[in-house]
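Here the protein sequences come in this chain order: A and B.
In terms of this note's numbering, the first sequence is numbered consecutively and its last residue is 262.
In terms of this note's numbering, the second sequence is numbered consecutively and its last residue is 161.
These are computed hints drawn from the structure, not numbers from a lab.
Just so it is clear, the structure is predicted and the values come from calculations on it, not from any experiment.
There is no bait here: all hints are sound.
Restraint-style ranges between C-beta atoms, simulated for each label pair:
1. P232/A x L85/B: 49 to 57 Å
2. D219/A x R127/B: 38 to 46 Å
3. Q99/B x A82/A: 32 to 40 Å
4. A157/B x G58/A: 42 to 50 Å
5. P232/A x E71/B: 48 to 56 Å
6. A157/B x E203/A: 46 to 54 Å
7. P119/B x G58/A: 24 to 32 Å
8. P232/A x K32/B: 53 to 61 Å
Derived list of chain B stretches under chain A, where covered just means 3 residues or more per stretch with a C-beta under 8 Å from a C-beta of chain A:
9. 9–20
10. 43–49
11. 61–74
12. 125–132
Virtual Cβ for every residue (Gly too), placed ideally from N, Cα, C.
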Amino acid sequence: MYNFDFVKAGSVADAIAALKEEDAQPLAGGQTLIPTLKQRLAMPSTLVSLAAIPELHGITQDGDTLTIGAATTHSTVAREVAQSYPALASLAARIGDPAVRNRGTIGGSIANNDPSACYPAGALGSGATIVTNDREIAADDFFQGMFTTALEEGEIVTAVRFPIPQAATYQKFIQPASRFPLVAVYLAKYADGVRVAVTGASEEGVFRWSEAEAALDADFGAGAVKGLSVEPGGMIGDIHGSKDYRAHLVQVMTKRAVEALL
Amino acid sequence: MAQVAMTVNGASVSGDVEGRTLLVQFLRESLKLTGTHVGCDTSQCGACLVHVNGEAVKACTMLALEADGTEVATIEGQAGDDGTLSVVQQAFQDHHGLQCGFCTPGMVMSAAALLKDNPKPTETEIREYLDGNICRCTGYHNIVKAVLAASGQEVPAIAAE
Ligand SMILES: Cc1cc2nc3c(=O)[nH]c(=O)nc-3n(C[C@H](O)[C@H](O)[C@H](O)COP(=O)(O)OP(=O)(O)OC[C@H]3O[C@@H](n4cnc5c(N)ncnc54)[C@H](O)[C@@H]3O)c2cc1C
Ligand code: FES
Ligand code: FES
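So that you can see chain A by itself, here it is in the shape it has in the complex:
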């Protein structure tokens, strides 16, 4: 690991000021960033720890809207939204392993936008709003391809706001060695329609499968996605699964998601 300075920010304003330093980078749970630093794939001058910023912690519910602070860990989400938004709690409860969940945060996961990560699917599938120190960004505009988001240099996620759906489910086909999904589908039913978000599959990162959404809007049944398929061309192909296999899994996991809600 290359060396860097470590700054513990006490407030969002502190963090934003510290991030003005050239090549400074936020550190949340470190469950992605620290392994990346060990491989020398990043060389920040300063790491600005967000973990001790009180404003970034905690979960609040206002009617059908759930707001989760960016520095809230996966374990806390798994525990605290089990009643209010069970599908999201179940997603959080299945990320990695217990020690990863005790440190990893929702803000870090969303900002990182790993093409196989769980939270991007939960956020996109819920039509969530990503709140930053500066503005609010719809999930549809936030995720812009593998490891790419709408965040500007020096901008941090402060919270993620979820509209609670009528029903939702997260179907994760686990890749047991990494514990990430090989492919996973987040399906949520709202009064104004069904949303289907797919992670682990596309070279463009998380995406909405609009064909399946339209079919399910017309007829919410396992048969609706039977004849549908995604084009293998844009899928990830690696030693864990070919493009064709992943394309097939997208359909299978979507069908399982529908069945789980029938």
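Dock chain B with the ligands against the given chain A, drawing on the hints supplied.
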């Protein structure tokens, strides 16, 4: 260099570290507490598992400076002062839950964290909780038996599927 101070197994400790110094390096190299192992550099094996403020954490995936002001528990603090093994350690010995012993400190700390939150876990819950602890030797069955025994539950015959 920066100063870091924390409580490790009940004792106040401090030292000088770099920004990049990992908690596990501070424990092993500065404090000479070499019971916490490093088995990978991808945060996947759990050999380095310790408790930070009571929670299971991979000491290889936390900076020493992030642990400033916290209470850390490592394998060295599990046995009594007179060397009496903890309930979990004794169960690992009784049920042959270790062979080479490399993963054992992490397994014991992980199991202790589980039993603190869930004193009577089912076999499935134990297996799920130990998902982040990799063992190259035992095939896991005896580890699961040890954790069941440590929780005071009956130990069924567990065989390979
Ligand atoms: C063994 C293992 C298994 C895992 N399994 C899964 C899995 O099944 N599913 C899954 O989704 N993930 C998995 N992860 C990743 C884990 O969820 C991480 O916690 C998460 O991806 C990153 O969150 P973090 O808080 O640890 O962020 P960090 O590692 O601290 O940061 C990640 C990136 O985001 C940036 N960042 C952090 N916070 C903010 C913020 N608030 N605003 C702007 N930028 C920010 C950082 O600068 C960095 O670039 C796994 C990790 C490990 C080690
Ligand atoms: S040394 Fe492997 S997870 Fe920490
Ligand atoms: S006993 Fe050898 S790795 Fe577990």
